[in-house]
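J.: Sequence:
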Amino acid sequence: MGKKGILLVNLGTPDSPEVKDVKRYLDQFLMDERVIDISDFRRALLVKGIIVPFRSPKTSALYKKIWEPKGSPLLYYSEIQAQMLQDKLGPGYQVELAMRYQNPSVERALSRLKEGLVESIKVIPLFPQYASASTGSVMQLVMELLSKWPTIPPVSFVNSFHDHPSVISTFADHARRFDLASFDHVLFSFHGLPERQLLKCDHTGSHCLKNKDCCAQLTDVNKFCYSAQGHDTARLIAAELGIERKDYTVCFQSRLGKEPWVQPYTTDVLKKLAAEGKKRLLAFSPAFVADCLETIYEITVEYCEEFKALGGEHVQLVESLNDDPKFIEALEDLVLNG
1 MGKKGILLVN LGTPDSPEVK DVKRYLDQFL MDERVIDISD FRRALLVKGI
51 IVPFRSPKTS ALYKKIWEPK GSPLLYYSEI QAQMLQDKLG PGYQVELAMR
101 YQNPSVERAL SRLKEGLVES IKVIPLFPQY ASASTGSVMQ LVMELLSKWP
151 TIPPVSFVNS FHDHPSVIST FADHARRFDL ASFDHVLFSF HGLPERQLLK
201 CDHTGSHCLK NKDCCAQLTD VNKFCYSAQG HDTARLIAAE LGIERKDYTV
251 CFQSRLGKEP WVQPYTTDVL KKLAAEGKKR LLAFSPAFVA DCLETIYEIT
301 VEYCEEFKAL GGEHVQLVES LNDDPKFIEA LEDLVLNG
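Mapping the sequence shown onto the UniProt record's numbering, position 227 (from 1) lands on 227, and the numbers just tick up by one.
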């Protein structure tokens, strides 16, 4: 029998931190109908006419602050994860890495699996919590590309792994590198989404955002809700570390535009905690499996500076899953049993 194909897909990164490459990345990313889910005309007007021209130089400057000699941290760690998984699975598997936006492309990674004569393909979007704009987008693109193949092998997808025990314990292990008792409060800061995208996930129309605790626990109604899965991730990590509910807050960062996004916003939480006299915060970013712009710069630099300006002392980022062998064990389990 042939090898089994494994396709790991992360979000993406510019080919370089230069403005031209950032423009290309942002254009592909933001023109995705699942990322900005409005009409094609309005999306093109917004992205190509406003966001990309004005945001690219600023985003380029930020990427230059985190770019390393070995390249983008997100791509660097993703490549290590793919190689570690290949080494762990052995010659009976062919592991390929792709980025949903830019390079290495999903199309090229699928072609490599095709050239490898794999007997099946399992796709693992590297997003712990399901969202239409991330996992859903990967699934859609893969299915669109495979639909053009004359012969389509058996294909399966991992929908999410927000509650995988090894993922939870890895985040907890990384937090234990610090003196937990020295922090006044813990943040679980997730990447934000427009509220309308959460509402679309509620097929009943009677649960999402109907009360402030709609994401407090997973049910049949919200089991695919990004926010509800995020709250579940935070609850599990907190339980692993013995952190009481009153001592942590789930919040959301990286807003775009003026319409309502998932709340509470991380910036508002920082203001609230500073007003309460909190001085030292420990921050997780459990929507990412590899450190990137949103963790290395947005939390470590921007939020830390903002909190200090409000009277706080420090915001400490907990390292992402990165190249931790325990996370690779989680990926192996998703391959074999997910």
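Since the hints were made in silico from the structure, they are not lab data. Glycine is no exception: its CB is placed at the ideal position from the N, C-alpha and C atoms. Watch out, some of these pointers could steer you wrong.
Unchecked claim - Beta-carbon label-pair distances, calculated as ranges:
# : residue 1 : residue 2 : range
1 : Phe157    : Arg280    : 36 to 42 angstroms
2 : Asp268    : Leu180    : 32 to 38 angstroms
3 : Lys48     : Lys326    : 39 to 45 angstroms
J.: Now look at each hint and say whether the structure bears it out.
T.: Each hint tested on the structure:
1. Distance hint check for Phe157 and Arg280: the Cβ-Cβ separation is about 40 angstroms, which falls inside the suggested range of 36 to 42 angstroms.
2. In this structure the hint that Asp268 and Leu180 lie 32 to 38 angstroms apart at CB is violated, the actual value being about 24 angstroms.
3. At about 42 angstroms, the beta-carbon gap between Lys48 and Lys326 stays in the expected band of 39 to 45 angstroms.
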